[in-house]
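Enquirer: If you want the building blocks of each chain, they are given just below.
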Amino acid sequence: MAKRPGALDAIRLTAAEAKKPAKGAKAGPAPKAAKAEPEGDGEMMTTAIHLPRDLWNLLRRVSFARAEKGGGRASVSAVLVQLVKESRDKLEREAG
Amino acid sequence: MIVAVANLKGGVGKTTLAVNIASALASRQRVVLIDADAQASASDWLTAPAGVDVQAWPLEDASDREILSWSNRVRELDAAMVVIDCPPHLSAVTGAAIGLADLVVLPCGPSVADVRATARSVELIREARKVRKGKPAALIVPNRVDRRSTTGKGFALALAALDERVGPTLVARQAQADATASGQWVGGYMPGSPAAQEVGELVRVVEQMLRRA
Numbered sequence: 049m050a051k052r053p054g055a056l057d058a059i060r061l062t063a064a065e066a067k068k069p070a071k072g073a074k075a076g077p078a079p080k081a082a083k084a085e086p087e088g089d090g091e092m093m094t095t096a097i098h099l100p101r102d103l104w105n106l107l108r109r110v111s112f113a114r115a116e117k118g119g120g121r122a123s124v125s126a127v128l129v130q131l132v133k134e135s136r137d138k139l140e141r142e143a144g
Numbered sequence: 010m011i012v013a014v015a016n017l018k019g020g021v022g023k024t025t026l027a028v029n030i031a032s033a034l035a036s037r038q039r040v041v042l043i044d045a046d047a048q049a050s051a052s053d054w055l056t057a058p059a060g061v062d063v064q065a066w067p068l069e070d071a072s073d074r075e076i077l078s079w080s081n082r083v084r085e086l087d088a089a090m091v092v093i094d095c096p097p098h099l100s101a102v103t104g105a106a107i108g109l110a111d112l113v114v115l116p117c118g119p120s121v122a123d124v125r126a127t128a129r130s131v132e133l134i135r136e137a138r139k140v141r142k143g144k145p146a147a148l149i150v151p152n153r154v155d156r157r158s159t160t161g162k163g164f165a166l167a168l169a170a171l172d173e174r175v176g177p178t179l180v181a182r183q184a185q186a187d188a189t190a191s192g193q194w195v196g197g198y199m200p201g202s203p204a205a206q207e208v209g210e211l212v213r214v215v216e217q218m219l220r221r222a
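Sequence order for the protein chains is P and U. Per our numbering, the very first residue in the first sequence carries number 49; after that it's consecutive. Per our numbering, the very first residue in the second sequence carries number 10; after that it's consecutive.
A few of these clues could be false.
[As the list claims (entries may be wrong)] Below, in silico cross-link-like pairs of lysine-lysine (PhoX-like), each with a Cα-Cα straight-line distance of 25 angstroms or less:
hint: 1; chain 1: U; residue 1: Lys18; chain 2: P; residue 2: Lys51
hint: 2; chain 1: P; residue 1: Lys68; chain 2: U; residue 2: Lys139
hint: 3; chain 1: U; residue 1: Lys142; chain 2: P; residue 2: Lys67
hint: 4; chain 1: U; residue 1: Lys144; chain 2: U; residue 2: Lys18
hint: 5; chain 1: U; residue 1: Lys139; chain 2: P; residue 2: Lys51
hint: 6; chain 1: P; residue 1: Lys68; chain 2: U; residue 2: Lys142
hint: 7; chain 1: P; residue 1: Lys67; chain 2: U; residue 2: Lys18
hint: 8; chain 1: U; residue 1: Lys18; chain 2: P; residue 2: Lys68
Hints listed in this document are in silico derivations from the structure and should not be mistaken for laboratory results.
Can you build the whole structure from these sequences, using the hints too?
Expert: As structure tokens, this is what we get:
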């Protein structure tokens with residue numbers, strides 16, 4: 049496996065990247081980032097969940113892949129919300 | 010503007026400080042608090058005050074591409090102020106945060122181990138300055154200090170030897186511990202308390218340094 053970058057490598061990478069113009073940069077005010085927040089049916093909640101590391105990494109990779117493809121901010125919450133919505137009927141039945 | 014709260018040692022009060030700084034700054038602008046620690050402690054316990062958007066963005070065992078993707082997303086955030094709570098070790102995400110930050114805040118407790126870790130953190134910041142035209146600025150914050158002890162009294166002087174700016178001292182106070190236990194920042198939990206006033210003074214110094222960054 050290729051050597052993973054350490055802290056010093058990360059400093060140099062981000063410093064070099066910061067010298068480039070931001071992607072999609074245009075003259076005038078910077079555009080607001082596309083919303084990637086999950087859409088709920090009402091009030092939003094922020095909480096913590098505990099899950100196996102490999103599943104967390106998978107969710108994270110999916111969120112990054114979707115952001116790369118569709119633009120906007122990577123959002124693990126949005127991935128989770130979509131998964132729950134897809135199974136909502138089944139979950140509602142189980143909850144009674 | 011981007012503020013990273015970092016130290017290569019755990020248990021020095023990074024998360025508490027990051028939460029307090031973000032919450033205090035949120036009274037005047039939109040703030041995004043990025044929890045970059047895989048332990049997700051900031052996003053775990055905080056009941057975010059109005060104006061603070063808490064995002065859990067850990068980055069472990071990352072490739073070059075993932076580091077760049079993470080840092081570009083930080084740069085593209087739609088917020089006047091971004092505060093990054095870094096993990097307690099020498100990692101790519103700590104490096105990325107230092108590579109992005111205008112200011113790095115380094116909490117340091119009154120112990121030899123904390124001071125040594127802070128010194129190593131300062132070395133990392135100086136490496137960043139070589140490729141970032143003198144950025145980021147650094148502010149060492151004496152944290153959880155017992156003023157009554159001999160160690161406490163000489164502690165700020167010992168930190169001055171690291172040759173970086175040393176900020177206002179945060180004294181070990183019960184109010185902060187209680188605020189943490191209740192999931193709030195100290196200014197929201199006990200406004201006007203000595204602990205809240207100390208945080209307020211610290212944030213004034215942070216804002217002053219950011220204006221000069």
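Enquirer: All the hints need checking, so say for each whether the structure fits it.
Expert: Results of checking the hints against the structure:
Proposed proximity of Lys18 (chain U) and Lys51 (chain P) is supported: the alpha carbons are some 24 angstroms apart, at most 25 angstroms. Restraint check for Lys68 (chain P) and Lys139 (chain U): satisfied, since their Cα atoms lie roughly 18 angstroms apart, inside the 25 angstroms limit. A distance of roughly 11 angstroms separates the Cα atoms of Lys142 (chain U) and Lys67 (chain P); the hinted pair therefore holds under the 25 angstroms criterion. Proposed proximity of Lys144 (chain U) and Lys18 (chain U) is supported: the alpha carbons are some 22 angstroms apart, at most 25 angstroms.
A distance of roughly 24 angstroms separates the Cα atoms of Lys139 (chain U) and Lys51 (chain P); the hinted pair therefore holds under the 25 angstroms criterion. In summary, the hint linking Lys68 (chain P) to Lys142 (chain U) is supported, as the alpha carbons are separated by about 15 angstroms, within the 25 angstroms threshold. This hinted pair does not check out: Lys67 (chain P) and Lys18 (chain U) have alpha carbons roughly 30 angstroms apart, beyond 25 angstroms. At roughly 32 angstroms between alpha-carbon atoms, Lys18 (chain U) and Lys68 (chain P) are farther apart than 25 angstroms, so this suggested pair is violated.
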